[in-house]
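Whole structure, please, built from the sequences with the hints as guidance.
Each chain, letter by letter, is given below.
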Amino acid sequence: MNEVLRVENLTHTYSPGTPFEKTAVDHVDFTAHRGEFIGLIGHTGSGKSTLIQHFNGLLTPTQGRVLINGEDIHQNKDMTRAARFAVGLVFQYPEYQLFEETVFKDVAFGPKNMGLEKAEIDRRVRENCRIVGLPDDVLEKSPFELSGGQKRRVALAGIFAMEPEVMVLDEPMAGLDPAGCADVFRFISEYHQKHGTTIIFVTHSMEYAAQMSQRIVVMDHGKILMDGTPAQIFARADELLAAGLDVPQVTQVFLELGRRGIPVDPAVYTVEQAAACLRALKEGGAAC
Amino acid sequence: MAIIETKDLTFRYEDADSDALCGVTLSIEEGSFTAILGHNGSGKSTFAKHLNAILLPSGGKVYVGGVDTADESRLFDVRKTAGMVFQNPDNQIVATVVEEDVAFACENMGLPQEEIRKRVDECLAAVGMSEYARHAPHLLSGGQKQRVAIAGVLAMRPRCIVMDEPTAMLDPSGRAEVIRAVQQLNRETGMTVILITHHMEEAALADRVIVMKQGKVALDGTPKQVFSQVDRLRELSLAAPQTVQLVHALDPAGTVLSPEALSVEECVGQLMKYLEA
Chain A
1 MNEVLRVENL
11 THTYSPGTPF
21 EKTAVDHVDF
31 TAHRGEFIGL
41 IGHTGSGKST
51 LIQHFNGLLT
61 PTQGRVLING
71 EDIHQNKDMT
81 RAARFAVGLV
91 FQYPEYQLFE
101 ETVFKDVAFG
111 PKNMGLEKAE
121 IDRRVRENCR
131 IVGLPDDVLE
141 KSPFELSGGQ
151 KRRVALAGIF
161 AMEPEVMVLD
171 EPMAGLDPAG
181 CADVFRFISE
191 YHQKHGTTII
201 FVTHSMEYAA
211 QMSQRIVVMD
221 HGKILMDGTP
231 AQIFARADEL
241 LAAGLDVPQV
251 TQVFLELGRR
261 GIPVDPAVYT
271 VEQAAACLRA
281 LKEGGAAC
Chain B
1001 MAIIETKDLT
1011 FRYEDADSDA
1021 LCGVTLSIEE
1031 GSFTAILGHN
1041 GSGKSTFAKH
1051 LNAILLPSGG
1061 KVYVGGVDTA
1071 DESRLFDVRK
1081 TAGMVFQNPD
1091 NQIVATVVEE
1101 DVAFACENMG
1111 LPQEEIRKRV
1121 DECLAAVGMS
1131 EYARHAPHLL
1141 SGGQKQRVAI
1151 AGVLAMRPRC
1161 IVMDEPTAML
1171 DPSGRAEVIR
1181 AVQQLNRETG
1191 MTVILITHHM
1201 EEAALADRVI
1211 VMKQGKVALD
1221 GTPKQVFSQV
1231 DRLRELSLAA
1241 PQTVQLVHAL
1251 DPAGTVLSPE
1261 ALSVEECVGQ
1271 LMKYLEA
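Taken in order, these protein sequences are the chains called A and B.
Residue 1 is where the first sequence starts when you use this note's numbering, and the numbers rise one by one after that.
Residue 1001 is where the second sequence starts when you use this note's numbering, and the numbers rise one by one after that.
If you're looking for bench data, these hints aren't it; they were derived computationally from the structure.
We put the beta carbon where it would ideally sit given N, CA and C, even for glycine.
Please note that the accuracy of each hint is not assured.
Said to hold, decoys possible - Below are the DSSO-like pairs computed for lysine-lysine, each with C-alpha atoms no more than 30 Å apart in a straight line:
hint, chain 1, residue 1, chain 2, residue 2
1, B, Lys-1213, B, Lys-1007
2, A, Lys-105, A, Lys-118
3, B, Lys-1007, B, Lys-1080
4, B, Lys-1224, B, Lys-1049
5, A, Lys-282, B, Lys-1273
6, A, Lys-223, A, Lys-22
7, B, Lys-1216, B, Lys-1007
8, A, Lys-282, B, Lys-1224
9, A, Lys-112, A, Lys-194
10, B, Lys-1080, B, Lys-1118
11, A, Lys-141, B, Lys-1213
12, B, Lys-1049, A, Lys-141
What the hints assert, rightly or not - Okay, the calculated bits of chain A under chain B, using three or more residues with CB under 8 Å as the criterion:
hint, region
13, 173-185
14, 247-257
15, 277-284
So, in structure tokens, the structure goes:
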């Protein structure tokens, strides 16, 4: 697989030399490949937000390097600027960053700054608004007239329209109800399939991470604690709980069954998997 | 005794085509812990905003501590009785030092300095933020900020605290800490808690769960009564907790297993029964 983003020996210390000095990211090595869908999880203060802000040069490493396609993004100003377009960062509650007069202008803001042709901007805005399910008649409305869920879609379309090589989404489902979460989940998957963009999806939820990603990276205390497939990560569910992560209830149930001597694998995270496994166990007595 | 009563409460936003609340009649007991669930647009936040007169009814009545919220001369009494915590802590923090932020409302209430000091320390301890008392709020994480916002409301010593998705931005440990602090307040000081949430596991800790849909109360009962209705919840586009769903999937008719398995422990108990049967 082709490497697209790499951080080498990255350390970031906030407020160095003051009483508030804090090393948020501590000697981290991490590589993302083209087209990968990575779930990045960790509890508050684990360093994941600090880490992702290095990906497009918003933060400068205290130590270590950030490379996009093998090039150090801090070697000169042009590279740093290029990194901003190569890596799209969607912050938590991105709807608070909407500012334009119309939805169209807001989504077009990024592509316009990239210096694209008018026709290309137009195509990108319309195409990506369609992906996030915004009807055409919304495009000329003020984004501030829309509902919270619709604003979130506008904000996502704005980043989609920049067609970055790597897209980092920080808790894109936060604060949405279950139906809203499912919608956002679908848009991101659809965009990923269509463009083959590398997606780094930051979440607290093991469940979302497992459903969406082929690879999960777990951060704790500024370091990478685990890196593997969902099955590999869930097999260490007890360590995840110890790191303060939200392990799905069924996984916790299976951990407890295991402690009671029932031969089950804790690497389940959906009710369907769990029910199928228990039925099989009851019928045939086979371990799952 | 009821601390909050609504009678046939209706509300319509300006320029809206339909009512956001259509005839909600509820009574909330003093000292109880009530969770309100529902989809976005179900009216749950609109309902919450009526409880300290941020919104006033288009029709019907809301009484908080016996006071009609529509009585403008009693507005301060209503707000003193029911404190409100919102989803986004960034919109609620005003000061540049954590402890000053928590003291903000107390200062406005004109309390003596020693009393403010005492309350600020107590409330920061209650949300596990004592060690951050002298920190700058903007350097805290979202979860920590929210705990500061909650401490600021607690410092007013309201009789009732209304929380509109206070944990939506928090991580699991932050969420657990906040909910633990809220539970403790409810149990030890008898504070009435109304928690608007999307998290079933949080709602399961309440004494009473109310599910809203299209501006009406769709379900109302104890967590066990509400969450054991897996199919009904699905109709309301809500998912029962995974533990309940798992038990329901194995025994939909509930012939052998009890669907009232809200905790991991209760669920494991039911599953052991299933495997042995």
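| query | Do the alpha carbons of A:Lys-141 and B:Lys-1213 lie within 30 Å of each other, as the hint requires? | reply | Judged against 30 Å, a Cα distance of about 28 Å means the pair holds.
A:Lys-282 and B:Lys-1273 were given as a pair; does the straight-line alpha-carbon distance stay at or below 30 Å? holds (11 Å)
Straight-line Cα separation of B:Lys-1216 and B:Lys-1007 no greater than 30 Å?
This hinted pair holds, its Cα atoms lying about 13 Å apart.
Practice prompt. Take the C-alpha atoms of B:Lys-1080 and B:Lys-1118, compute the straight-line distance between them, and say whether it is at most 30 Å.
Written response: holds (19 Å)
Does the structure keep B:Lys-1224 and B:Lys-1049 at a Cα separation of 30 Å or less? holds (27 Å)
- Given the hint that B:Lys-1049 pairs with A:Lys-141, does the C-alpha gap stay at or below 30 Å? holds (27 Å)
Self-check item: Given pair status - A:Lys-22, A:Lys-223, alpha carbons within 30 Å
Solution: holds (14 Å)
Margin query: Using a Cβ cutoff of 8 Å, are there at least 3 residues of the region 247-257 of chain A near chain B, or does the coverage claim fail?
Written below: holds (count 7)
| Taking only the CA atoms, is the gap from A:Lys-105 to A:Lys-118 under or equal to 30 Å? | Roughly 12 Å separates the two Cα atoms, so the pair holds.
Quick one: see if chain B covers the region 173-185 of chain A, three-plus residues with Cβ-Cβ under 8 Å. It holds: at least three residues are needed, and the region 173-185 of chain A offers 7 whose Cβ sits within less than 8 Å of chain B.
Fill in: chain B covers the region 277-284 of chain A, three or more CB atoms within 8 Å, holds or violated
holds (count 4)
Checklist entry - Do the alpha carbons of A:Lys-282 and B:Lys-1224 lie within 30 Å of each other, as the hint requires? => result Satisfied, since the Cα-Cα distance of roughly 27 Å is no more than 30 Å.
Violation of the numbered hints given earlier is absent; every hint is satisfied by the structure.
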